[in-house]
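Peer 1: Please build the complete structure, drawing on both the sequences and the hints.
Listed below, chain by chain, are the residues.
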Amino acid sequence: MPSITREEVAHLARLARIELSDDELDHLAPQLDQIIGLVAQVSDVAAEDIPPTSHALPLSNVMREDVNVPCLTPEQALSGAPAAEEQRFRVPRILSEEA
Amino acid sequence: MSDLTRKTAVELADLMSSGETSSAEITQAHLDRIAATDTAVHAFLHVDTEGALAQAADVDSRRAAGEKLGPLAGVPLALKDVLTQEGVPTTAGSKILEGWKPPYDSTVVKRLRAAGIVILGKTNMDEFAMGSSTENSAYGTTHNPWDLNRIPGGSGGGSSAAVSAYQAPLAIGTDTGGSIRQPAAFTGTVGIKPTYGGTSRYGLIALASSLDTPGPCARTTLDAALLHEAIAGWDPMDSTSINQDVPPVVAAARNGDVTGMRIGVVKELGGEGYQPGVGARFHEAVELLTKLGAEVVEVSCPHFQYALPAYYLILPSEASSNLAKFDAMRFGLRVGDDGENDAEKVMSLTREAGFGDEVKRRIMLGTHALSSGYYDAYYGQAQKVRTLIARDFARAYEQVDVLVSPATPTTAFAIGDRVNDPIAMYKNDLCTIPSNLAGNAAASFPVGLADEDGMPVGFHVMAPVMRDDLLYQVGAALESALADQWGGVLMSKAPELEVTR
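Quick mapping for you: the protein sequence lines, in order, are chains Y and H. To convert, take the position in the first sequence, counting from 1, and add 1220; that gives the working numbering. To convert, take the position in the second sequence, counting from 1, and add 2; that gives the working numbering.
Because the hints were derived from the structure by calculation, they are not lab data. Ideal Cβ placement from N, Cα and C applies to all residues, glycine included.
Here are some of the chain H residues that sit facing chain Y, going by a computed Cβ distance under 8 Å:
| # | residue |
| --- | --- |
| 1 | Y198 |
| 2 | S212 |
| 3 | L367 |
| 4 | T369 |
Over the 10 Å line for every Cβ pair with chain Y, so calculated as not near, a few chain H residues:
| # | residue |
| --- | --- |
| 5 | T7 |
| 6 | T10 |
| 7 | D34 |
| 8 | G72 |
| 9 | D247 |
| 10 | K269 |
| 11 | G418 |
| 12 | L451 |
| 13 | E500 |
Have a look at the derived ranges for each label pair, beta carbon to beta carbon:
| # | chain 1 | residue 1 | chain 2 | residue 2 | range |
| --- | --- | --- | --- | --- | --- |
| 14 | Y | R1226 | H | D419 | 20 to 30 Å |
| 15 | Y | P1294 | H | D247 | 36 to 46 Å |
| 16 | Y | V1282 | H | G418 | 42 to 52 Å |
| 17 | H | G273 | Y | A1266 | 20 to 30 Å |
| 18 | H | D16 | Y | L1235 | 52 to 62 Å |
| 19 | Y | E1305 | H | R64 | 39 to 49 Å |
| 20 | H | A42 | Y | P1294 | 43 to 53 Å |
| 21 | Y | V1287 | H | D5 | 44 to 54 Å |
Peer 2: The following block contains the structure:
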């Protein structure tokens, strides 16, 4: 019994916005199943009363004064854009026909 | 003058301050070495000939004008392609960033510039630092200069290979689970993961933000310490940066005295599954430290065995979120923008075309670990295990000053050996991962060659948070004692690379 099915992997790919081909699914699904088998070992550890650590060092929020600081020019900010128009990122339409 | 590429950074700095040579000559010698050897090694993704020579000329003219310069001014360096350098192509080893030129410098690069260090170019790496061999780079595998049929380690295999091929005396790596230390072990060089927060992540293309740490690579301990000092320290641009003085790493590297130091051998990191030659060199090095006056005891860290599974939940979870920014909208590749496809379709097509297998695996794994219904069992539980690992360290450091283990279970393996077995690949980092989860400082130092394959073995030292200096103290002690035995550092045993003209 696999810990993750081919259909579940296809679902994850959709959630992660990665268009996977059938061949890739055939290849990646069994590997993910193996990896999940490995990581599931964490459940062997009795840790009910243990607090979680999200960060190695105890830190609180870091604030700075709310003042203007130098930043990128529009040209610099757009310099790596796949498409730009009128000093803005040009993106594909965000609503589909049926929406 | 003898070959400038064989000199350490310290020797090069001396030659420049005495006026025997210039940064321009040194930089040119290294560019020539890259041209002659990189067809075989493939350490570099981009060589910035013009920029490097301009930086060198600038240092030379400042020196001529009598300006007081830092200890590494004019020394060349190779930069891992995961750190931004303004106007220089930065890909993180991924197709999705092919041709991207960042509009700003990372803090590490700013500090390198301030120190007058000359950046030769960008080094190869596993895509987004996900891997242990550079085989996950979208731009081909780097070859280990000790044996071109083997991998140099990863993800920072390009940086370590450049240093070990004498293409640069110094390099910058980044370490999320071992990406500085494991390649250092595999190439017979020195690699340091500073304390998390000791070096800035600003401008580092994030893999796992709670683990990523930039650090130095070099052929000697003192060179690494000088580079460490140049890049480390508080940075207001990184909210997890530690606002304290940099530990006295250079003084420790010059001192190298381990008399009375308490050293703990981690029981759980060794034995079964470890290559005999790795175990043999490790135990000899421990013995050597005892002879040098250290007190060695065995220490148990029972939760370290769960570090690997916890890491492969925490890292993919953070990575899946960090890599969401590669959405084909603001920078990088865009595929399928034909006027018909909507943004979501373009995003999916771009990520399909732009990401390699390992990146896809880890993004999907992270998405799974964070999805409702699995969160507590996976990500939540992994964070608890992280606490237990940090407690193991804390308990150990009550008894000892530093912990030691082999840096890797095996030496460098053959190219292609583990490509289709992700789990075998992940096990490369068994010894290095606990320090990333706990955030403490750690390093790999070369301690000889394995008898069975003649490949370098790395000695792993772990020190408490902000005690990075202890790493250098142990490294320097080993280095000088071993150099006495061998009549030179380990790198002097490396085979000559065939040079193409």
